[in-house]
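Visitor: Residue numbers (my numbering), protein chains in the order written: chain A, 1 to 265; chain B, 1 to 69.
Bear in mind the hints are in silico, worked out from the structure with no lab data behind them. Among these hints, one or two may not hold up.
Taking CB as the label site, the calculated pair distances span [what the hints assert, rightly or not]: (1) B:62 - A:110: 36 to 42 Å; (2) A:227 - B:62: 44 to 50 Å; (3) A:62 - B:54: 37 to 43 Å; (4) B:4 - A:21: 37 to 43 Å; (5) A:161 - B:2: 17 to 23 Å.
According to the in silico footprint, chain B covers these stretches of chain A (three or more CB under 8 Å from chain B) [unchecked claim]: (6) 63-75; (7) 78-90; (8) 169-180; (9) 214-221; (10) 247-258.
In this text, all values refer to a predicted model and were calculated from it rather than measured experimentally. Backbone N, C-alpha and C define an ideal beta-carbon position, used for all residues, glycine too.
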Amino acid sequence: MAFRGETLESQPMTDNRFARKLTDLDSEERQLVGPAASAARRTFAGFAEKPGSEYHQAPGLTPEKTWKAIATELGRVSALTTLEGNRDRPLEAADIELIHRGIFEPVFGEKTLGFRSRKGDEVTFPIVVGSREEPRRIERRGSGGKQVLPNLGRALKGFERELEALDSRRAPDKPNVSDAALPAVKLYAKVIGTHPFFDGNGRTAWAVFSYALQRCGLVEVAGPPTPATRWALGRALRDGGSQSYDPLTAIVAETIKGSSLETDT
Amino acid sequence: MNLQFADYDGPTGLYVATGTKLLPLSEPAGATAFVGAGMQSGTIDPEQSAQIQSAVESAMHSAASPLAG
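Only chain B is shown next, with the shape it has when bound in the complex (with noise of 0.2 Å):
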């Protein structure tokens, strides 16, 4: 579906929303993004929550670098 929103004016479809990044789904920092919610969705632990958001954050910094492997 294509909308057009009163507050919003950014691209739609295949990006994910961090809060602060949009980010393509099709690069790493986005797919890490996009896996991490997934795994952290639902009723799962608090504290290992903390333990993924922890992993999202740093997977999302190295795959954001010119430098990552």
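Just chain A, same shape as in the assembly (with noise of 0.2 Å):
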């Protein structure tokens, strides 16, 4: 089991910039932090992760409070990495420490997860395969604990290459919706894929989707996770040939197209 420290003992949680109190955010970051840890204090009281996984149950908090903790950091954290994707800031591997160390470090201090970084650090979890029909559920390994960096750094690479091919992009070749959601889909769907902690990874991965489709021109999404969404994220999870981004890129393009701006009338 990596803690923190073992991973990047040269960055101390000082030099965290996913984890600055509120004092020391620009006005910026303050107007979009504020409200997104607001909301989450005062909407996610009274969950809790099932017994048994990393992030269940934080020092001296129940359950629930530790549920309600993380909430309000990951409303803190990534509404700072949705303002380094609009800023257009490129993200290094080792960021992604840095973010989930942002969302679960205030909560479990010390007892906050590294990158998996050993050879005998494995990981499975569920996706989602078979049919639209016919879904059925099976595990899913995460890449092997050497390989969590170097999968991670190719993953961030290959995106910044593909924003390269899309701001080149001018009328009459207007890219559509879909064609910019791609890369935010696929770098979501890698670090998912990677799995780099033993828990925590789709909070962590959400808020890299969110700096992602910063970066890639769009807005943020918001949906509920409907077996529709699982089955497309499980496509995009799948090893062989049916693995496809396609269904989950189609997904965030149509919540974003089928949304608009509400109008005083």
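Two chains, two frames, a set of hints: combine them into the complex.
Guide: In structure tokens form, the structure reads like this:
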């Protein structure tokens, strides 16, 4: 088990830009972080992770209070990653560990997980496979511990290359929303597929996805994890010939195109 | 990145799309939808997802209400 300090000893928490206190944020950051943290505190009390997971219960807190505290930190960090994407700043693989620490370290302190990094650091997670009509769940293996950092590095380099190609498209070759969403979906799926941590991968990957959507010139996306979405994510995470990012990309694009600003009438 | 899209001419950047509404992230309803999506991300238990979705819809409704405290 890799706890904080084993993989990023040279970067103490004070150097983590995703762990800054409210007082250390600029005005634009505070404008987003405040409502996100407030919404989390108001909305996500009372739930809890299943017993047995690494982040089920923090020292000195009930599972419900642990869940609520993590939700608040997720809101804070996701707002920061969103702004980082909006400001067009590239991420490095090590930043993904900083994002994870930004979410979980305020709640779990020294027990916060670092990247899996050793040969025996294996992890499995459920994905949905089968047809849309008859989906079923299987366990998929994350990357080997030694492959976590290289895999994330390759995913981020590929993301930057796709952004360059996207940025070069101008009229009359204007991209569709799905063209722009594809690099973000790929990065999201690759982070989940790598499964860099023993727990908290979905929340970390989502903060990265929030970042990526902004880099791709889009907006954030919210939606319930319906069976269709789970199946689409499963397609993106499969091994072999049936793997495809297209179904999840289509859901993201349709969510954006189906949304409009409310206007006073 | 500022792109022009062939099939979308709405605003981009610091908004959240819910499938019907486009909400500013800096407003309570937008922030609620935004954090809610994060809590439902990845491979979370479907039963818990339903609970979270219900909480998000309730909070978005109250956040959008002029009577919300």
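Visitor: At least three residues with a C-beta closer than 8 Å to a C-beta of chain B: is that true for the region 169-180 of chain A?
Guide: It holds, with 8 qualifying residues against the three required.
Visitor: Quick check on a hinted range of 44 to 50 Å for residue 227 of chain A and residue 62 of chain B, using CB atoms only.
Guide: This hint is violated: roughly 28 Å between Cβ atoms.
Visitor: So is the region 63-75 of chain A in contact with chain B by the C-beta rule, three or more residues under 8 Å, or is the coverage claim wrong?
Guide: holds (count 3)
Visitor: Taking 8 Å as the Cβ threshold, is the statement that the region 78-90 of chain A is covered by chain B upheld or broken by the three-residue rule?
Guide: Three-residue rule met by the region 78-90 of chain A, so holds; n is 6.
Visitor: Could you say whether the range 36 to 42 Å given as a hint is met by the Cβ separation of residue 62 of chain B and residue 110 of chain A?
Guide: holds (37 Å)
Visitor: So is the region 214-221 of chain A in contact with chain B by the C-beta rule, three or more residues under 8 Å, or is the coverage claim wrong?
Guide: Coverage by chain B holds for the region 214-221 of chain A (8 residues, Cβ < 8 Å).
Visitor: Looking only at beta-carbon atoms, does the pair residue 161 of chain A, residue 2 of chain B fall within the given range of 17 to 23 Å?
Guide: Taking Cβ atoms as reference, residue 161 of chain A and residue 2 of chain B lie about 19 Å apart, which means the hint holds.
Visitor: Range first: 37 to 43 Å. Now tell me if the beta carbons of residue 4 of chain B and residue 21 of chain A are that far apart.
Guide: holds (38 Å)
Visitor: Taking the beta carbons of residue 62 of chain A and residue 54 of chain B, is their distance inside 37 to 43 Å?
Guide: violated (21 Å)
Visitor: Quick one: see if chain B covers the region 247-258 of chain A, three-plus residues with Cβ-Cβ under 8 Å.
Guide: holds (count 5)
Of the numbered hints stated above, those contradicted by the structure are hints 2, 3, listed in ascending order.
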